[in-house]
Amino acid sequence: MFVVNVMMPYAITINRRAPIRDAIRLMLKHQISGLPVVDDEGALVGILSESDFLHRVEIGTERRRSCWLGFLFNAERLASEYIHDHGRTVEDVMTKAPVVTVTELTDLESAAKLMEEHKIKRLPVMRGDRIIGILTRASLIKAIMMQGKSMPMPKKSDQELRGRIFEEVQQAQWLVAPLLDIQVKNGNARISGVVYDERQEEAIKVLVENVPGVKSVASELAWIEPLSGAVILSPGEEKTPKIITLH
Amino acid sequence: MLVLHAMIPMVITVSQDQTIGDAIKKMIEYRISGLPVVDADGALVGMLSESDFLRRAELGTGRKHLGWLAYFMPGKLAGEYVHEHGRRVREVMTPDPMTVDEYAPLEDAAKIMETNYIKRLPVTRKGRLIGMLTRSDMMRVVAERGHALPPLKDSDQAIRQHILEQVSRQPWLPGSPVDVTVDNGRVTLLGTVSDIQQAKALEVLAGNVKGVSSVTNGIRILQLKFAED
Numbered sequence: 001m002f003v004v005n006v007m008m009p010y011a012i013t014i015n016r017r018a019p020i021r022d023a024i025r026l027m028l029k030h031q032i033s034g035l036p037v038v039d040d041e042g043a044l045v046g047i048l049s050e051s052d053f054l055h056r057v058e059i060g061t062e063r064r065r066s067c068w069l070g071f072l073f074n075a076e077r078l079a080s081e082y083i084h085d086h087g088r089t090v091e092d093v094m095t096k097a098p099v100v101t102v103t104e105l106t107d108l109e110s111a112a113k114l115m116e117e118h119k120i121k122r123l124p125v126m127r128g129d130r131i132i133g134i135l136t137r138a139s140l141i142k143a144i145m146m147q148g149k150s151m152p153m154p155k156k157s158d159q160e161l162r163g164r165i166f167e168e169v170q171q172a173q174w175l176v177a178p179l180l181d182i183q184v185k186n187g188n189a190r191i192s193g194v195v196y197d198e199r200q201e202e203a204i205k206v207l208v209e210n211v212p213g214v215k216s217v218a219s220e221l222a223w224i225e226p227l228s229g230a231v232i233l234s235p236g237e238e239k240t241p242k243i244i245t246l247h
Numbered sequence: 248m249l250v251l252h253a254m255i256p257m258v259i260t261v262s263q264d265q266t267i268g269d270a271i272k273k274m275i276e277y278r279i280s281g282l283p284v285v286d287a288d289g290a291l292v293g294m295l296s297e298s299d300f301l302r303r304a305e306l307g308t309g310r311k312h313l314g315w316l317a318y319f320m321p322g323k324l325a326g327e328y329v330h331e332h333g334r335r336v337r338e339v340m341t342p343d344p345m346t347v348d349e350y351a352p353l354e355d356a357a358k359i360m361e362t363n364y365i366k367r368l369p370v371t372r373k374g375r376l377i378g379m380l381t382r383s384d385m386m387r388v389v390a391e392r393g394h395a396l397p398p399l400k401d402s403d404q405a406i407r408q409h410i411l412e413q414v415s416r417q418p419w420l421p422g423s424p425v426d427v428t429v430d431n432g433r434v435t436l437l438g439t440v441s442d443i444q445q446a447k448a449l450e451v452l453a454g455n456v457k458g459v460s461s462v463t464n465g466i467r468i469l470q471l472k473f474a475e476d
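Those protein sequences? They're chains U and P, same order as listed. Take the first sequence: its position 79, counting from 1, is numbered 79 in this note's numbering, and each next residue is one higher. Count along the second sequence starting at 1, add 247, and that's the number in this note's numbering.
Source of the hints: derived by calculation from the structure; they are not laboratory data. Just to be clear, a hint being listed does not mean it is correct.
From the structure, some residues in chain U lie toward chain P, with a derived Cβ separation under 10 Å [as the list claims (entries may be wrong)]:
id : residue
1  : L28
2  : L78
3  : S80
4  : K119
5  : A138
6  : V194
Cβ atoms here follow ideal geometry from the backbone N, Cα and C, with glycine treated the same way.
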């Protein structure tokens with residue numbers, strides 16, 4: 001299995017000269033802890049993460065080295081820390097390129113090794129110097145676990161269709177895209193993941209059905225009913241849904 | 248700034264004897280990715296987060312069945328799930344978590360998070376759990392608080408004095424070979440430094456002063472080459 005089978009085929013990015021406030025708002029809105037940074041041409045120039053905001057003047061955690069330490073740390077390093085802790089644009093605070101990345105054809109084992117080696121949870125997926133997707137640690141592990149099924153290289157048309165479906169899903173504000181996984185084979189879509197009520201499941205099916213090119217939609221969604229605590233699983237191959245109640 | 252200014256003063260916990268199923272359900276319901284774990288007396292005994300599940304799944308990728316993850320991968324794994332959903336929180340959690348007091352400076356919390364590679368700190372008041380502080384909360388507060396160094400008076404002269412004063416305090420610029428002029432809030436910086444980072448840092452410093460509308464950076468970088476460089 002390869003990155004292309006598992007990645008989210010879209011990436012939320014920010015421009016290097018954007019104010020950090022915009023970047024923070026974006027990360028909070030989409031609940032992500034890492035944001036790839038691009039230049040005006042769309043090329044990847046760095047990555048901004050939550051950890052970059054641990055030392056900041058706004059919250060009184062900026063690094064203050066005393067003057068006498070000036071000869072232990074060189075001025076360049078101290079100035080860099082100053083820029084990082086006080087600067088107001090994304091490029092002042094981000095970790096600059098080279099960023100650890102993968103391509104669509106990277107195999108999952110190599111991707112997992114990279115994440116472990118660099119202690120990161122998110123890998124931008126590149127095509128040339130353009131980001132075309134994101135591979136997260138969670139979806140990687142899920143995929144490795146399901147590796148019982150063989151997953152051949154998807155056809156280009158299936159891959160494009162998957163991308164279009166995700167575009168639609170991303171635009172629907174009432175959905176949390178990272179909780180869903182969508183696989184496409186020969187135009188047939190299969191959705192799995194978690195939703196919060198059964199109307200969402202219906203709505204997702206309708207949304208995916210309406211993407212041009214989709215021939216059929218099979219759902220393996222589970223939904224959790226908060227009041228009773230029941231988990232209801234889609235029938236899949238069975239005729240009636242199985243209801244499991246938790247106490 | 249103190250921990251209490253950034254934390255979320257709400258506590259959703261799970262008992263160490265509850266099942267993984269209950270814990271995951273709570274996380275999804277409240278849309279949080281970490282839960283403090285308590286014992287029968289309500290004392291904090293561990294932390295349970297998505298990372299703990301991922302770590303267990305990673306260890307188990309030799310085998311195919313980790314049933315309690317069926318919440319995230321329903322359908323085929325539902326059968327296996329029924330066997331595993333009884334596993335207890337205490338078997339999966341990270342025990343003995345680090346905590347921080349609500350009156351501790353945020354700086355302490357930042358250091359703890361950094362050195363221990365954690366992104367979530369339970370907050371206590373006299374040893375009792377009263378809230379949670381995450382990296383995401385620190386980031387949110389950075390956005391909420393703008394930052395500007397205000398000079399005493401807003402005039403050009405005051406701004407210039409203020410910038411020069413700030414510059415003289417910086418350990419990354421020993422001596423102050425910088426010339427500052429201010430015209431209607433527009434700052435021009437001239438001078439020579441030995442490294443481009445110093446030039447950039449000066450620009451950041453000047454730009455952050457209240458009343459400054461623009462900064463023209465005319466600072467030149469003197470190229471010095473030493474044997475070791």
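Status of the hints after comparison with the structure:
1. About 6 Å separates the beta-carbon of L28/U from the nearest beta-carbon of chain P, less than 10 Å, and the hint is met.
2. Using the Cβ-Cβ criterion of 10 Å, the hint placing L78/U at the interface with chain P is satisfied: the shortest such distance is roughly 3 Å.
3. At a threshold of 10 Å, the smallest CB-CB gap from S80/U to chain P is about 5 Å, leaving the interface hint in force.
4. Using the Cβ-Cβ criterion of 10 Å, the hint placing K119/U at the interface with chain P is satisfied: the shortest such distance is roughly 7 Å.
5. Here the hint on A138/U is kept, as its CB sits about 6 Å from the closest CB of chain P, short of 10 Å.
6. With a least beta-carbon distance of about 6 Å to chain P, the hint placing V194/U at the interface is held under the 10 Å criterion.
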